[in-house]
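Here the protein sequences line up with chains B and G, keeping their order. Its first residue numbered 1, the first sequence is counted upward by one per residue in the numbering used here. Its first residue numbered 224, the second sequence is counted upward by one per residue in the numbering used here.
Each hint should be verified, as a subset may be incorrect.
Derived Cβ-Cβ restraints for the label pairs, each shown as a range [unchecked claim]:
no.	chain 1	residue 1	chain 2	residue 2	range
1	B	P30	G	R436	40 to 48 Å
2	G	N526	B	N162	48 to 56 Å
3	B	D198	G	E356	38 to 46 Å
4	G	D300	B	P30	32 to 40 Å
5	G	Q646	B	T118	33 to 41 Å
6	G	P328	B	T196	53 to 61 Å
7	G	N426	B	T196	16 to 24 Å
8	G	L269	B	E133	36 to 44 Å
9	G	A642	B	D198	34 to 42 Å
10	B	N162	G	R436	49 to 57 Å
11	B	Y53	G	W276	54 to 62 Å
12	B	T196	G	I350	15 to 23 Å
13	G	D498	B	N11	41 to 49 Å
Keep in mind the hints are simulated off the structure, nothing from the lab. Ideal Cβ placement from N, Cα and C applies to all residues, glycine included.
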Amino acid sequence: MPDGQGCYYFNHGLSCLFEMPTSDARRLLPSHLEPLEVQHECSILSVTAFDFYEGDGGEYEELVLSILVPPLVKPGDPLPKAALYPFIVATTTELGRKEGIDRWKLPHLMRDIDVEFTEDDGTISVSVGAGGEPILDVTGTSHTFEPTELLFHSFMSDDDGNFKSNITLRGEGYSEHEFEKGSLKLYEHEMTQGLTIDEIAEYPFREQWMKRGVELFSPLETV
Amino acid sequence: MSDERRENKGQVGMFTDGSGKQLPLAMQYDYTNFYFGSGDDAFGMLDPFDEWWKDSKPAGYYLFGLPMQGEPGTRVDVRNTKTDEVHTDLLNFASYNYLGLSYRPEVKEAIIEAAHRYGNGASGSPILSGSLEVHHELAERLAAFKGKEAVLLFPTGYSVNVGVIAGLMRSGDLIVADQYAHASLVDGMILSKANSRFFRHNNVDDLERKLKRFDGKKLVLIEGVYSMDGDVAVVPDIVEVCQRYGARILIDEAHSTFIYGENGRGVAEHFGFEDEIDMHVGTFSKSLGGQGGFIAGSHKLINYLRGFSRSRFFSCGLSPVVTAGILRALELFEEEPELRAQLWDNVDFMQKRLRDAGVSVGESESQVIPIVVRDDAQILEIGEALLHEGVYLNPVKYPAVPKHKSRFRMSISAAHSRAELEQGASIITSVLERYGICPTARDVITSTTG
Chain B
1 MPDGQGCYYF NHGLSCLFEM PTSDARRLLP SHLEPLEVQH ECSILSVTAF
51 DFYEGDGGEY EELVLSILVP PLVKPGDPLP KAALYPFIVA TTTELGRKEG
101 IDRWKLPHLM RDIDVEFTED DGTISVSVGA GGEPILDVTG TSHTFEPTEL
151 LFHSFMSDDD GNFKSNITLR GEGYSEHEFE KGSLKLYEHE MTQGLTIDEI
201 AEYPFREQWM KRGVELFSPL ETV
Chain G
224 MSDERRENKG QVGMFTDGSG KQLPLAMQYD YTNFYFGSGD DAFGMLDPFD
274 EWWKDSKPAG YYLFGLPMQG EPGTRVDVRN TKTDEVHTDL LNFASYNYLG
324 LSYRPEVKEA IIEAAHRYGN GASGSPILSG SLEVHHELAE RLAAFKGKEA
374 VLLFPTGYSV NVGVIAGLMR SGDLIVADQY AHASLVDGMI LSKANSRFFR
424 HNNVDDLERK LKRFDGKKLV LIEGVYSMDG DVAVVPDIVE VCQRYGARIL
474 IDEAHSTFIY GENGRGVAEH FGFEDEIDMH VGTFSKSLGG QGGFIAGSHK
524 LINYLRGFSR SRFFSCGLSP VVTAGILRAL ELFEEEPELR AQLWDNVDFM
574 QKRLRDAGVS VGESESQVIP IVVRDDAQIL EIGEALLHEG VYLNPVKYPA
624 VPKHKSRFRM SISAAHSRAE LEQGASIITS VLERYGICPT ARDVITSTTG
């Protein structure tokens, strides 16, 4: 494995994309990033959950809320599938949280969350809460699973500057579709602050589900 | 992690379409990949796009915009820009021309006569010198046909929606559009600078959710028949919600004027809600086989828009030659109600024929019939096969439609003979069968969409 690369193995990675007001997206993004719009004034909220069973952060579950942004592609570089700015991340363990903060400069909820994955007949549901308070329930559905490798750009910002990491997701099974069959229920919580819940779509326009995969972070580069 | 699992990870390949199929190089990207680019040069994306296009055009993208060699009749000759061969006598299911009026001899005669009288263009903005007698005549005839006080003509259908919406709505107002609203409606929203929201297609509960949060001027945008799916707006439910929240309604009847309703005035007439809808948009390029568009409404509305619709204000007036052709086509439409009857007969035949063969045509109930292939990578290949088998159809793929919802958009015309419809359906189903899409498509679609 190349020096500085992060490596996290998971059983399930679910990412659903929801329409959200661009006004919210702009408030959540740092000034150097623009939201990607799926439609006029309609940006994209990505709700992603992983259950990591092995890797640099050990065994833990993770919830990532991101805004989709345009990728940063240099001449000759491969085009990523998408680029995103995670505005809040939460994990079920302190080790997982420390990994995300120290290595990848990702903003975190500073306490453990509870995450429950339920897979049933082509559907995967993820319920997330903290200390008995619900944060969100997200459900995704499957299309056809095939081995796939995908490249993403992830942007991070902190007091030290603005950064980017190339994230590669490689899985034995990957399903993606736009059949609008999943769902999202957001609750008022510290993690959902900044989101106008009433204005966020209750169904995903895209559902992405990867099974038995690995998430690889390239070392941060300053942008 | 087991060794077996580690080994499997090494077999994973780049670039599948999400259903696992290994994509050809040209299909690894699409237009969405070339929208944003880094760097400081405004031309920064031209080279990468050009490089992709050189691969993509011969791989199937050449199917878009093939030069037709004559009038858009039911059988056409089309030049293949990949091979330069001319495909002759193709069954044409790609052109609008729903009533077959575009090339009628009476229309051509009217055009020739107008050319002798007026020359080619209007030679001015309609608010200055570009308003000719033939324009006034068409506007008056259309207002009478639509049962409205007045009509305003625009040079294109696109410019109607852009001009009307931006002419009427302002920053701080709210516009809510169906998620499948045409780009012209969306661009009107953008230009108006009003707050913009989209409601889930034909879902009045979601529309209500968007309207109830807002105090102030509200406008709701819908289409009569949706151009990619051929389904119809749930007008009564939408009107009820809009009235409850004080929202004005614009209905774009580009694909339904001259087709729906007892008198052909559109979907609003079909449902009996013509008076409840504030603005009625139509085009001349679909059923009448011409070009341009119009809005029908009250005198006060039209008078205001005449002064504030910049897309009309700053465009040259509709060509008088085209206008004369439209006028004659309108007369033929009124004189020959059997045209509409024939169209509906043809629509019923083709819808049943395709459905019986197991072809997915979605929720279409109109002359716009989506032939849903779903496979985003295969759609262009199938389009090529259809061309070689003798059928001209337009492929529509992601990002114009959602992923895995690629389709051919079929347009049925009153001019199609029963034999042409049967031959077309036979070719289409046999090609789809060859690609494993029909008749098994029905089962696949049931399992994925419920």
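Is 36 to 44 Å right for how far apart the beta carbons of G:L269 and B:E133 are?
-> Violated, at about 51 Å.
In this structure, is the beta-carbon distance linking B:Y53 and G:W276 contained in 54 to 62 Å?
-> Violated, at about 44 Å.
Range hint 48 to 56 Å (beta carbons of G:N526 and B:N162) holds or violated = 53 Å, holds
Taking the CB of G:Q646 and the CB of B:T118, does the distance hold inside 33 to 41 Å?
-> 52 Å, violated
At the C-beta level, are G:D498 and B:N11 separated by a distance inside 41 to 49 Å?
-> Check failed, 59 Å falls outside 41 to 49 Å.
Range hint 53 to 61 Å (beta carbons of G:P328 and B:T196) holds or violated = Roughly 59 Å apart at Cβ, these two residues keep to the hinted range, so it holds.
Are G:A642 and B:D198 spaced within 34 to 42 Å by their CB atoms?
-> 55 Å, violated
Is 16 to 24 Å a correct range for the gap between the Cβ atoms of G:N426 and B:T196?
-> 19 Å, holds
Return holds or violated for the Cβ distance of G:D300 and B:P30 against the range 32 to 40 Å.
-> 56 Å, violated
Falls inside 38 to 46 Å, the C-beta gap from B:D198 to G:E356?
-> Given a distance of about 53 Å, which is not inside 38 to 46 Å, the answer is violated.
Is it true that the C-beta distance of B:T196 to G:I350 lies inside 15 to 23 Å, as the hint says?
-> 42 Å, violated
Is the hinted range of 49 to 57 Å satisfied by the C-beta distance from B:N162 to G:R436?
-> About 34 Å separates the Cβ atoms of B:N162 and G:R436, which means 49 to 57 Å is violated.
Hint violations for this structure: numbers 1, 3, 4, 5, 8, 9, 10, 11, 12 and 13, all remaining hints satisfied.
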